[in-house]
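Student: Go by the hints and put chain W onto chain S.
2 protein chains.
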Amino acid sequence: MSKKQEKDEKGITVKKKDDMPEWYGQVIIKSKLADYSPVRGTMIIRPYGYAIWQKIMDYFNQRLKEKKVDNAYFPMFIPESFFKKEAEHAEGFSPEVAWIQNKDEDSKERLALRPTSETIMYDSYAKWIRSHRDLPLRINQWCNIIRWEVKDVKLFLRSREFLWQEGHCVYETEEECDKETLMFLDEYEALAQNILALPVIKGKKSEKEKFAGAKYTATIESFMPDGKFLQCGTSHNLGQGFAKAFNINYVGKDEKNHLPWQSSWGFSTRLIGAIVMQHSDDKGLVLPPKIAPIQIAVIPILFDKTKEKTINEAEKIRKELDRYEVKVDTREEYSAGWKFNEYEMKGIPLRIEIGPKDIEKKQVVIVRRDTGEKLFIKRANLKDKVKELLDDIHNHLLDKAHEHMKKSIVETDSWEEFMKSVEDRKIVFAPFCGEEKCEDSIKEKTKGANSRCIPFNQKNIKKKCIHCGKEANVYAYFGKCY
Amino acid sequence: MSKKQEKDEKGITVKKKDDMPEWYGQVIIKSKLADYSPVRGTMIIRPYGYAIWQKIMDYFNQRLKEKKVDNAYFPMFIPESFFKKEAEHAEGFSPEVAWIQNKDEDSKERLALRPTSETIMYDSYAKWIRSHRDLPLRINQWCNIIRWEVKDVKLFLRSREFLWQEGHCVYETEEECDKETLMFLDEYEALAQNILALPVIKGKKSEKEKFAGAKYTATIESFMPDGKFLQCGTSHNLGQGFAKAFNINYVGKDEKNHLPWQSSWGFSTRLIGAIVMQHSDDKGLVLPPKIAPIQIAVIPILFDKTKEKTINEAEKIRKELDRYEVKVDTREEYSAGWKFNEYEMKGIPLRIEIGPKDIEKKQVVIVRRDTGEKLFIKRANLKDKVKELLDDIHNHLLDKAHEHMKKSIVETDSWEEFMKSVEDRKIVFAPFCGEEKCEDSIKEKTKGANSRCIPFNQKNIKKKCIHCGKEANVYAYFGKCY
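If you read the sequences in order, they're chains S and W.
Per the working numbering, residue 39 is the first one in the first sequence, and the count goes up by one each step.
Per the working numbering, residue 39 is the first one in the second sequence, and the count goes up by one each step.
Bear in mind the hints are in silico, worked out from the structure with no lab data behind them.
Just so you know, these numbers come straight off a predicted model, no measurement behind them.
Keep in mind that a hint or two might mislead.
Note that identical chains are pooled: a pair holds if it fits in a single copy or bridges any two copies.
[As the list claims (entries may be wrong)] 16 Å max Cα-Cα, derived EDC-like pairs, lysine to aspartate or glutamate:
{"no.": "1", "residue 1": "Lys365", "residue 2": "Glu104"}
{"no.": "2", "residue 1": "Lys70", "residue 2": "Asp108"}
{"no.": "3", "residue 1": "Lys105", "residue 2": "Asp56"}
{"no.": "4", "residue 1": "Lys93", "residue 2": "Asp108"}
Next up, chain S with everything else stripped away, as it sits in the complex (with noise of 0.2 Å):
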């Protein structure tokens, strides 16, 4: 083995509480989920990372496919004066559009290379809608997006191309849109925490945060272990702008045209990101059990003489758990010790370790990644034992999260209080004005914070804005976040 290859094969160098930012990148690195790329502000997704990927689009396909969702794909191209239709919607943008020289000489128009595809997509909406009957249309689309943000990347957080699902959705009545809006935000809040393991923060971004051209956009926030939030979805209510700036209307029961009410809602490979920071530690990734890629590594402890045995016992464990994503590891020229440091690092929830005097015992050795509790298991019970096993790493981990984010909550209608909290990397809620320019100046005195979001049916409060005093009709959530 070379100098190189022992050197990155060693294990995470710094603690997740003394230096987030290099932990994180070392995890993510060192478990081989994505990698830096040779072109600035852009990462790979490794095979490990993307399956992943590949088990939320898996679940999350199936969700879609019960709301009546279609997926399609659009042109990845956007004429700049599609962007131009919704005055908003292409101020929000502008600055983080990339775009490509047309190269055909009878046209000079310039093309974006999609930030997000509001766009392209409700100029055909306006030629495949006619009538009430059309309604409503939902299509999602899984696909890149290009966003020309940073320099630095931060892998899986911010880099200038990312994956992501873009659901896009055209309605009769304004009620219905708002249902649904808000619908498809409790899908995310139920892939985020059944699944992902992630507690969220559910409510409304402030005018400021909103989407650009909606008439307002609900969020899911995490809030990740070094106190700073994490946005993990959002769903968009667009109104009516879009459809009058591109001409989208329907013929109602009524015989009479009208316009429709539109939505959007995405989420990203940032979830990801979400995932490694809220759960991993000092020896590596830790994957919550419903999306790992493998969810079971057994290693038998292999001996010359009971070799035969021991690796015939494994494989009768894999075909005993085919219900389970099961990698039984027999390679001869690492060891048994090298193989543990190998799963830990990768985080897959559960390793089982089978040796001659196990076999002997009728009994196996399960070690969990999430907790390090080691565990004598008698061979006849594994089955029932690794369905309690895994939802019980599943609800620790999502137990141990939530616990994080609740402790972390400071009620307050002092200023003082809320500079200090948030300097103390706490989730605050205040009472706010909602306005715009108060929350810039809350940003610019904190050095970054803002609401994160507005919790829904709220009480309503009567209280002055934290910060400028007005009149304020909520509680919103304020934090940093990445």
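Tutor: Relative to the frame of chain S, chain W by itself:
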């Protein structure tokens, strides 16, 4: 219903044999597989078309898993300097590359939008591969591809953006590379014949037609009803040229440094065009059962008094056929006749009609989309019969296309017959020197025909080349192509 709507809902207005390009466009637009895009040279894959692509992806992802190929995702931006590293590759692709101007002020290198990903991937391969233990490396990606070729899009067949898969493998030995280059070609053949009902001719590409930078290119070619070839998938043995250019090497078991061998292989959404053109007819789309998003349409014949009973029976049928994709159409605003036309246009392989009289007689009516045949089936035999019919439709489509292909082959040593056969849109099988200049001249004289492929395992024929009269060691298939 508006005039416009009525017009669009009419059937295909030209016959396949009279005006194939117009017929082809109408089938795609009216069955809603795809649509023209406002961005010149690009197209929109509508939900019905994307569902077919999803079926192809699902099937092929299974095969990739079986063959130990992992999916990943690399950046779509490729630095100009990467392109230039492999000279032939750079030259071959340069006319059709689209560039973006780098927005970073401190970096003026142009970035290409990937026309294929060899260069961006192999830069990382050089980093990742160190030892023989890292080989074989087999990575695939599903992504969008940009080639600035045409102004006028040919739906699914030629557009500036399309979707594909590209596999990129690295091996220790030439032998292994050779073997797997052809193994993946065999996978393509199996996909075409067993899933898409497309018969293909297999072989190597000539020097002129091979992939830019490859040692050789292997191909599967399908022959369309209008007498033109359509390339359906290619697998390239890249030799060691890219490994040299990108400095990929590995330490072998002998502890010395070696250059590895590489292959790449891909197919695209073009396959959907091949399916449409090969199987469809004057009534609209005809889909092979294995990739039909809806395999069976159940249409209950509704009368006021027996409506509930009939719908219940239709639902029972759906449950009974739950291993298939079944759609029960109970809409009352459309007549049964309108629905028959609709599902014919959309190419649904089987239509089941069930009315009160059928229920009484304990039968169902089944209509095959491929032959139009109407069968009265005992209700009790439905499940077996459906399986049999779907298999039969697949075989019938494949056989029909195969028959046409076989009948079109003209084997000749005479230049006169060659010219006449090309003119008659035949597949011409003729001795060929294989030289690029000779092929250029053939293309010119025939107004577009070239060698499509050179079958494997030919006896040494020792003939004169059909065109230039030089020595020819092989027979090749010639014809015009899409």
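Student: Hint by hint, say whether it matches the structure.
Tutor: Okay, the hints, checked on the actual structure:
For the homomeric pair Lys365 and Glu104, the shortest alpha-carbon distance between copies (14 Å) is at most 16 Å, but the shortest distance inside one copy (32 Å) is not. Taking identical chains as interchangeable, the C-alpha atoms of Lys70 and Asp108 lie at most 16 Å apart only when they sit on different chains, with a minimum of 13 Å there against 33 Å within one chain. For the identical chains of this complex, Lys105 and Asp56 are neighbours neither inside a copy (44 Å) nor across copies (43 Å), given an alpha-carbon limit of 16 Å. In this assembly of identical chains, Lys93 and Asp108 lie within 16 Å of each other by CA distance solely across copies; the values are 14 Å between and 18 Å within a copy.
Of the hints listed earlier, the one the structure fails to meet is number 3.
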